[in-house]
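*Asks:* We have chain Z already, so just place chain X on it with the hints.
As they're listed, the protein sequences go chains Z and X.
Just so we're on the same page, my numbering is the position in the first sequence counted from 1, plus 6.
Just so we're on the same page, my numbering is the position in the second sequence counted from 1, plus 464.
The hints are simulated quantities; they were obtained by calculation from the structure and are not laboratory data.
Mixed in with the good hints, there may be bad ones.
[Stated by the list, open to error] For each label pair, taking beta carbons as the anchor points, the in silico distance ranges come out as: (1) Z:Glu60 <-> X:Pro504: 28 to 34 Å; (2) X:Lys524 <-> Z:Asn77: 29 to 35 Å; (3) Z:Lys19 <-> X:Tyr494: 37 to 43 Å; (4) X:Val546 <-> Z:Phe75: 40 to 46 Å; (5) X:Lys532 <-> Z:Gln23: 45 to 51 Å; (6) X:Glu533 <-> Z:Glu88: 38 to 44 Å; (7) Z:Arg21 <-> X:Asp518: 45 to 51 Å; (8) X:Lys532 <-> Z:Pro67: 30 to 36 Å; (9) X:His578 <-> Z:Gln23: 39 to 45 Å.
Using N, Cα and C, we set each Cβ at its ideal position, and we do this for glycine too.
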Amino acid sequence: ETGVTQSPTHLIKTRGQQVTLRCSSQSGHNTVSWYQQALGQGPQFIFQYYREEENGRGNFPPRFSGLQFPNYSSELNVNALELDDSALYLCASSRIEATEAFFGQGTRLTVV
Amino acid sequence: GDSVTQMEGPVTLSEEAFLTINCTYTATGYPSLFWYVQYPGEGLQLLLKATKADDKGSNKGFEATYRKETTSFHLEKGSVQVSDSAVYFCALDKAGGTSYGKLTFGQGTILTVHP
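Isolated chain Z (complex conformation):
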């Protein structure tokens, strides 16, 4: 059973640019959720995808968007990057009916 993998592990972007983060879900999982973890804080729920449709969204603006593909991999896109977007972005995969989510190691985004 493969785990949840995210890419890239680190990246640096300039304010105003766009970024795409990728997540490969664990085998057999049909749901992916994305979280933003600012330094020293707990993760905050961005949104969840199930069967390629958005299935719930946290308090994040529309410039945060996502996709889920038929193989259950996923992307998080952020447009018009702001300095406050600097954070660790975590992807978690699960089965929609199961209580346990499995997290990837995250992508550290720095916006300068």
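*Replies:* For chain X alone, coordinates are given in the frame of chain Z:
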């Protein structure tokens, strides 16, 4: 809205000491409750969970009991080890039955255990 509050950290203990990390929550309905652990440079790992009132979750010597009357889910371990040093997050998931995976986290508690 839903929220989770953890005790202020960081917590520093000597090896074999008793650990308690307090967690309280605010939510309507009947959330599931979780403790996740984050080791340096890694993602989150589920430590234990409880899905209904009075359930006790346990794993690797850690325990937490879902107390609906006090809206709490305190984490305890009788004898900590240096390898337990990490950040601990309490979390809730309010979706029930058919749609899990939208977690609300506390701010995290840094635990450092000295030999």
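*Asks:* Please list, smallest to largest, the hint numbers that this structure does not respect.
*Replies:* Of the numbered hints given earlier, the structure breaks none, since each of them holds.
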